[in-house]
Every structure is written in structure tokens, then in C-alpha cells.
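**Student:** Chain A is fixed; fit chain B onto it per the hints.
Residue numbers (my numbering), protein chains in the order written: chain A, 1 to 358; chain B, 1 to 297.
Misleading hints may appear alongside valid ones.
Reference listing, derived: stretches of chain B covered by chain A, where coverage requires no fewer than 3 residues with Cβ under 8 Å from a Cβ of chain A [claimed, not checked]: (1) 76 to 90; (2) 93 to 106; (3) 228 to 238.
Derived pair list, reagent style DSBU-like, types lysine-lysine, alpha-carbon separation capped at 30 Å [what the hints assert, rightly or not]: (4) 121(A) <-> 284(B); (5) 329(A) <-> 346(A); (6) 329(A) <-> 342(A); (7) 153(A) <-> 269(B); (8) 121(A) <-> 127(B); (9) 127(B) <-> 284(B); (10) 121(A) <-> 269(B).
Just so you know, these hints were derived from the structure itself, not from any lab.
We put the CB at the ideal spot given by N, CA and C, even for glycine.
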Amino acid sequence: MRFIFKTEYQQDIRLFRHGGQVFWYSALAVALFLAPWLLPDYYVSQLVFIWIYSIVGLGLMLLAGYTGQVSIGHAAFLAMGAYTEAYLQQLGWPFALSLACSAIVAGATGVIVGLPALRVKGMYLAIATLAFGFIVEEAVTRAEGITGGNSGKSVGALDIFGIPIDSELRFYYVVLAILVLCILGVMNLLRSPTGRAFVAIRDSEISAQSMGINLARYKTIAFALSAALTGIAGALYAHKLRYLSPEQFTVLQSIELLIMVTIGGLGSIHGAVFGAAFWIAVQQFIVLAKDWLPPEIGQQTGLQPTIFGLCLVGFVLFEPLGLYGRWLKVRAYFQLFPFYRKGMFKRQKSYMKSERLK
Amino acid sequence: MQFLQLLVSGIAQGCIYGLIALGFVLIYKATETVNFAQGDLMMLGGFLGLSGTVALGMPFWAAFAATLVIMMLFGMLLERVVLRPLLGQPAFTVVMLTIGIGYLARGLVTMIPGWGTETHTLPVPYKDEVIRFGGNGVDGGLVISMEHMAIVAVTAFLIVALYLFFRFTRLGIAMQATSQNQLAAFYMGIPVRRINMLIWGISAAVSACAGLLLAPITFVHANMGFIGLKAFPAAVIGGFGSIPGALVGGLVIGVIESLAGFYLPEGFKDIAAYIVVLVMLAVKPSGLFGGNLRKRV
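Isolated chain A (complex conformation):
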């Protein structure tokens, strides 16, 4: 177990707590840099999906995990980003500009969706975002001039400053670089006063307000940033799939994104990445398992929802902090070996808290 002896205040907000972290994250960075050369193309392609979903997860984590505002309409922002990128690229805009525009368009939509958040909260907000998700889904189907409607829209290959990103290898590095920038951005944000305000709002709106935090302002910022991150992911998603159609951005997809971050572990940046990795890995696992399972089970279309449902129920019941929580426990076990006790992370016993005022 490492005890950090703090001698200055700067140590509280450092991105890396101690040398060990620097070492391990550098090792991870090297591994990820080398990965596309060592892995077959198919796995590289799946890694790209993981990075893209991690960016979405980051956006949703910022909103649901750190600000405590539930959104069941995040696929709408993904759609905004994806279609903006596809449309602007068609017009011949450079990637840097169109990516920024995707983020801005999605972010602006996020502000609009965030408006109900200023008046309603909790369950009502979830339903407002759900309603918004349905409306965007329908709008995307109807706006055939921009989105191609139900027949879909194909997206051209990426081109950055004259360098064509035509291979999976090059695209991998582009997505990885954007993911790293996004993670650093969110980490930076979370140690700034804005990030602290988000966490304060999540923990208690009333005490946050008493501390002088402008709820309306910070909730709007949270929605905008979250939507913008999702918009960036959407733009990359468009280039990854090279073909967009409205059924990729349904409300079901929004719910799946929410499941993804919950399984990853709400309230941690690791959780966003873990959740995305889990999501893709399980899907691949199901594809592989189909070959060696007996066909009565393997060929069932319901296999995937069943497994996701089971995982979600299992995590909520037994591991509320998700994969990240499990990772913390495993780490603590080895750091403290042999002094780990079973009850160290026990969920605090709590009683039914009523939110009603009567």
C-alpha cells in the first residue's frame, strides 16, 4: 500500500498522483501505440469501436456520473454529430473544422435539451430527454435532404491536412489521439471549479446552491459539454461505419449507452473506458460463442439482450460501482495482501429516503 505524504496543495489536483501511475500509464500508452502492428486488422477495428464508445461514455459520464443528470436521449447527440460531419464533409470542409462543427451543433442541441433540466429533475428529466430522443430520431428520418432518410447516407473517407486516412491503422491513431485529448480535457475540467461544481450538484443540489453555485448555469454547461463530447464521438462513428441510417440512433441505443456506463462504473473516467471495452468485448464474445455453443442456444437472437440484461442486473445488485469498483477491490486486495478484509467495500446500509415533502 502506498501512502502519499502531501507537502503542497498542488498535489491534490495533480493529474498523476505518484510515480507509479506515471509509469503504468506510460506503459499503457506504449502498448496502445504498438497494438495496431501486433494485432490482426479485425481486432484493431474493434479497438477503434472501443475508443469511439469511450468518448461517448466520457460524455455520458460527465453528465450522469459527475453531474447526476440522467439522460435517456444520448443517441440523439450521437446522431447530431454523425450527420453534421457527414454533411459538412460532403460540402468539402476540412476535418478539423467539421469535427469542431459537429461538437458545436451537438453541444447547442445539448443546451436545448438541458432547458427542461432547469425546471425538472430526476425522473422527469429522464422522460424529457427520452421524449427528445424520440423526436430527433423521427426528425432524422424525415429530413431527407441532409440525412438521406431511411435509405441512409454514405460517408467518405477521412482526410486530415492532405493526408488520406484510408487504412484502419491510420484511423486508429486519429481516434486514439482524439480519445486521449478528450480524457485529458475531462480530467482537467473535473479538477477545475466547474468540475467541482458538477460534483457538488450531483451530491446535493440544495447544498450546492447554498454554496453559491448557479444551478441553471452549471447544468446547462454540463449538458452542452456532454453533448459536444458525444457529438465528436458521433463524427468519428460516421467515419468508422462509412454509412449512416436512422436506426443506428434509436432510443434503445441511448438506453444501451446508459447501461454501458453503469456497467463500467458511474462516477469515474476509468468507468467510461471500461464500460466501452466491456460492451464491445461481450458482443465479440457472443459472436465467438455462437460457434461452439449448441445451436439451440447459440443461434438465438435473444442471446445478446439476455446477457446484457443479466450483466446489468448482476452489477447493480452486487457491484454498484461497476467494473471500476471491481478493479479497485482487486487492486486493494493485492496492495494490502494479506490484510484485505471482506467488508472493506461493503455497501453502506441505508434506509428508504423519501424525497417527498409531506
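**Tutor:** Chain B only, in chain A's frame:
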């Protein structure tokens, strides 16, 4: 006449929304959690009814009653096994749990032999019968299909029965007390946890009832539970937490949807409910029948 015709089919559809919303509201009032698996409970009810009538060859109304009883037990089991361990956890945790249950139900249903991914027709004794009002008895006038009549009649019956139950029985009054103040109810000697279990049972049975009534119109299939997402707007419009509100909200959504499908351009039918709920949230978040929305610190 056209308008009346739309109104009638809207009301019938609205009753279904109302029944599902009623399921939400019962659980929300009692336990302050929102059950996202309500639509999937409805789907299970539809499939059970199917098995009862087709596979076991029971008469329709016997299968109907059996389904309600089985679903009630299932709802109680669900509360006891998965939800009770989470008592006192944040609302979001419970919401995610119910989403997971919904996923699980949708996936498992496709694996059960005889249910599967296909759409099934639930044979009902009143199929394809219509009642005509006005006109010359053959065409013209208002035509109401028996499926719609059955929905409205059973919903009305169920509402009256629930009203009488909550108003006049010991158990119903205990449930009201629990939903008003759990702690006080507990001090009065009401077994709050057992009451919550019963509430889940009733809510599941009400949803199953909606599923059985809807089945002749939309068929039975694994994804029929998505209609539950349309019942959210109904519950919000009624004010989440008001039983008559849920029904009125359902009727409002059903009628608006039906009218929007005819008078507005294509595409508005599916999103009309959501536009209405957004307007409602912006204008009067507490809903038509809702109480105050203030929150305890």
C-alpha cells in the same frame, strides 16, 4: 363522424397507455421508484395469455384470469428477489435495475419454445365483431370494433375495482397509508415491505391485463413492451403519482395520437405524445393532477 371514429380508437388506445401508466404510478407512489420494465411485464402477460389459450387450450377468459394471477405472483417474486435488496439505494440505481430486468425479459422470451421472435395472434372470442351506431346498420355511422369495446370495458371495470379496493378494504387503506408516509405507516404496525411486494404484484397484473387487451390489435411479440415508453408521457401528463391522473393522461395521449395520425403530416403520430409531454414539462411539470414537486433537503 370521422372525428368520432378517431376519438373512439384514440380512447381505446389511450386506455392501454392508461393501464400501463397506472402500473408505473402504483409502484412510484408506493416505493418512489420508476419501473422501466413495465412494458415488458405487459409483454409477458401477452405471451402467458397466448400459451394459456393456444398451447393449453383454455377458454379465453379462464386464461385471462390465470395470466393475471401468475403475473401478480411474478411481480411479487420480482420485488422480493431483486428489488428488496436495493431498498434505500438511489433512485437511479433502481431505474437501471428495472432496465436490466426489461432487457432480460425481452431476451429470455425469444428463447422460450413456442414464444420466440415471431409475432403471434391471440385468439379472442370477440374477434372481428363490430358494433354500429347510427347509419343504416350496414355502412355509414360509427363503427366500434369489439376489441376496442373490450379494452374500454375492462379498463373501466378495473379502475372501479381498484378504486373500491383502495377506498374500502383494510389492505387498500394500508396501501394508501404506506404510499403517503412509509415511516408513519410502519409505526402504525403496517408491514410496509409486504405491502410493497403486493403493490408490485398488482402493478404487474394490471400491466398483464393491458397486454392481453392489446394483443388482438397489435399481435403478441417480444418487442411489444416498447409501448411502455409511450406510457411515460401519459404518467407525466397525469402527474406522476396520481391514479386517476394516469388514466386521464393515457386517454389524452391516445386521443392526441389518433388525431395527429389523421390530421397532421406523416411522422407526427409517433412523436405527438413526446411533443405533448415536453410542452407539459415546460408549462406545468407537476402534471394535471400532480401535487407539489418540492423536494426534501
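**Student:** Could you run down the list of hints and mark each one as holding or not?
**Tutor:** Evaluation of the provided hints:
Beta-carbon proximity to chain A at under 8 Å applies to 6 residues in the stretch 76 to 90 of chain B; the threshold of 3 is reached and the given coverage holds. Note: the stretch 93 to 106 of chain B has 12 residues with beta-carbon separation from chain A under 8 Å; the three-residue rule is met and the coverage holds. Residues of the stretch 228 to 238 of chain B with a Cβ under 8 Å from some Cβ of chain A number 4, which satisfies the need for three, so the listed coverage holds. Taking the CA atoms of residue 121(A) and residue 284(B), the gap is near 13 Å; set against the 30 Å cutoff, the hint holds.
Pair hint residue 329(A) plus residue 346(A) holds up; C-alpha atoms about 11 Å apart against a cutoff of 30 Å. The hinted pair formed by residue 329(A) and residue 342(A) meets the criterion: a straight-line CA distance of about 10 Å does not exceed 30 Å. Proposed proximity of residue 153(A) and residue 269(B) is supported: the alpha carbons are some 25 Å apart, at most 30 Å. Proposed proximity of residue 121(A) and residue 127(B) is contradicted: the alpha carbons are some 44 Å apart, above 30 Å.
About 41 Å separates the Cα atoms of residue 127(B) and residue 284(B), which puts this hinted pair outside 30 Å; it is violated. Of the supplied pair hints, the one linking residue 121(A) and residue 269(B) holds, its CA atoms being roughly 27 Å apart against a limit of 30 Å.
Hints 8 and 9, counting from the list given before, are not met by this structure.
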